[in-house]
Amino acid sequence: MSRWVSSAAPAAGPRRWAVVGNGENRRVGLFTAAALAAGLPAPRVVEWRDVLRDGGHDFAADEVVRLDSPGENAEVDRLLRGVDEPTRVEGSATWYARFLTAVGSLRGGVRLDDPTELAVLFDKRRCHARLAAAGVPVPPSPTSGGAWPVRGWEDVRAAMREHRMPRVFVKPAHGSSGSGILAVEAGAGRLHATTPVEVAPGGRLHNSLRVRRLTDERTVAGIVDALAPDGLHVERWLPKAALAGRSADLRVLVVAGRATHAVVRTSRFPLTNLHLGGVRGDLAAAKAAAGDRWAAALEICERAAACFPGTLCVGVDLLPATGWRRFAVGEVNAFGDLLPGLLGLPGGGAEELDTYAAQLAAVRSGWPPRPRRDRAPH
Numbered sequence: 001m002s003r004w005v006s007s008a009a010p011a012a013g014p015r016r017w018a019v020v021g022n023g024e025n026r027r028v029g030l031f032t033a034a035a036l037a038a039g040l041p042a043p044r045v046v047e048w049r050d051v052l053r054d055g056g057h058d059f060a061a062d063e064v065v066r067l068d069s070p071g072e073n074a075e076v077d078r079l080l081r082g083v084d085e086p087t088r089v090e091g092s093a094t095w096y097a098r099f100l101t102a103v104g105s106l107r108g109g110v111r112l113d114d115p116t117e118l119a120v121l122f123d124k125r126r127c128h129a130r131l132a133a134a135g136v137p138v139p140p141s142p143t144s145g146g147a148w149p150v151r152g153w154e155d156v157r158a159a160m161r162e163h164r165m166p167r168v169f170v171k172p173a174h175g176s177s178g179s180g181i182l183a184v185e186a187g188a189g190r191l192h193a194t195t196p197v198e199v200a201p202g203g204r205l206h207n208s209l210r211v212r213r214l215t216d217e218r219t220v221a222g223i224v225d226a227l228a229p230d231g232l233h234v235e236r237w238l239p240k241a242a243l244a245g246r247s248a249d250l251r252v253l254v255v256a257g258r259a260t261h262a263v264v265r266t267s268r269f270p271l272t273n274l275h276l277g278g279v280r281g282d283l284a285a286a287k288a289a290a291g292d293r294w295a296a297a298l299e300i301c302e303r304a305a306a307c308f309p310g311t312l313c314v315g316v317d318l319l320p321a322t323g324w325r326r327f328a329v330g331e332v333n334a335f336g337d338l339l340p341g342l343l344g345l346p347g348g349g350a351e352e353l354d355t356y357a358a359q360l361a362a363v364r365s366g367w368p369p370r371p372r373r374d375r376a377p378h
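Mapping of the sequence shown onto the working numbering: position 97 corresponds to residue 97, and the numbering continues sequentially without gaps.
Honestly, the hints are just simulated from the structure, not real lab data.
Just so you know, even glycine gets a beta-carbon here, dropped at the ideal spot from N, CA and C.
There's no promise every hint is true.
Restraint ranges, calculated between C-beta atoms of paired labels, are given here [unchecked claim]:
# : residue 1 : residue 2 : range
1 : G341      : A42       : 15 to 25 angstroms
2 : R78       : R325      : 39 to 49 angstroms
3 : E198      : E154      : 17 to 27 angstroms
4 : P239      : L283      : 19 to 29 angstroms
Produce the complete structure using the sequences and hints provided.
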């Protein structure tokens with residue numbers, strides 16, 4: 001039986017649920033299904049569209065308020081980023097500012113996503129610095145904490161030279177789901193970049209589901225120069241472990257401080273995002289490859305999540321080094337729980353539960369441990 005499942009009455013405290021999300025989105029649907037399966041009333045859904053248009057929303061004191069991703073809705077995306085084409089890459093800095101303003105406009109309720117922590121989670125430079133300061137292993141990065149401003153491609157090239165990084169990832173600081181990312185490798189007078197970015201006529205950048213390999217440095221420079229005003233994060237490209245002949249990493253979900261779910265992502269490209277052609281790998285094979293280091297790998301994810309104690313659930317992207325003996329944290333995701341059909345890890349406290357049911361159970365068992373006042377993001 002799960003650590004969070006009990007035949008006794010649920011813990012005292014707030015019982016009504018509200019979700020801020022896009023009502024038509026599968027995330028909201030899956031969470032609602034989990035609530036109904038747990039014998040709870042359907043959560044009240046507050047649309048991100050309405051929050052943005054109305055300048056906020058008020059919640060009752062006894063409502064548990066869960067924030068879900070504002071993605072996959074063209075109107076919400078337009079309100080947040082100020083662009084009319086959902087596939088456009090540009091506009092992430094505007095998205096970040098408007099998203100944090102929207103989060104700060106939510107009033108009342110018991111919050112599961114600390115606003116000040118969301119401000120860090122959605123800035124890869126700040127998140128990297130926080131993890132590094134806590135001793136969590138992360139890839140070396142000259143831009144950690146904003147130490148190295150990136151104004152364009154020349155700054156990236158300078159960082160690669162001065163920090164002796166011939167292979168780097170260049171990421172939009174406020175991006176998600178692999179948007180705008182480039183895996184760059186330089187050497188022997190040649191340069192290659194692997195990216196889902198497609199350059200449209202007129203120079204507009206679009207995310208594509210097809211990963212492409214670029215060899216023209218002018219094209220790569222043009223992409224980086226176009227993205228730089230939104231903020232960029234650069235980090236060393238660590239060689240990843242392989243599984244079944246494919247590059248592999250893991251998404252590990254941490255709920256209420258414990259690593260509860262994990263999925264292996266494999267790809268023939270350095271980008272393992274499942275929507276970019278990555279596929280789920282064999283978790284048992286990954287655990288066998290890690291051997292006695294598996295427990296340490298999960299502990300690293302829990303340490304990363306502990307950097308955000310006011311947030312119930314985060315998805316940690318864990319990078320296994322070649323040989324599966326060492327691990328580093330690539331990213332920590334505020335909305336990293338979309339793992340349909342995945343049940344909990346043995347011994348993780350949520351063995352019989354999917355990712356949404358695990359969060360419901362954690363709250364019913366008493367998370368957060370003590371009341372917190374809302375804090376505006378900064």
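Taking the hints in turn, this is what the structure says about them:
{"no.": "1", "hint": "G341 <-> A42: 15 to 25 angstroms", "in the structure": "holds, 21 angstroms"}
{"no.": "2", "hint": "R78 <-> R325: 39 to 49 angstroms", "in the structure": "holds, 46 angstroms"}
{"no.": "3", "hint": "E198 <-> E154: 17 to 27 angstroms", "in the structure": "holds, 23 angstroms"}
{"no.": "4", "hint": "P239 <-> L283: 19 to 29 angstroms", "in the structure": "holds, 21 angstroms"}
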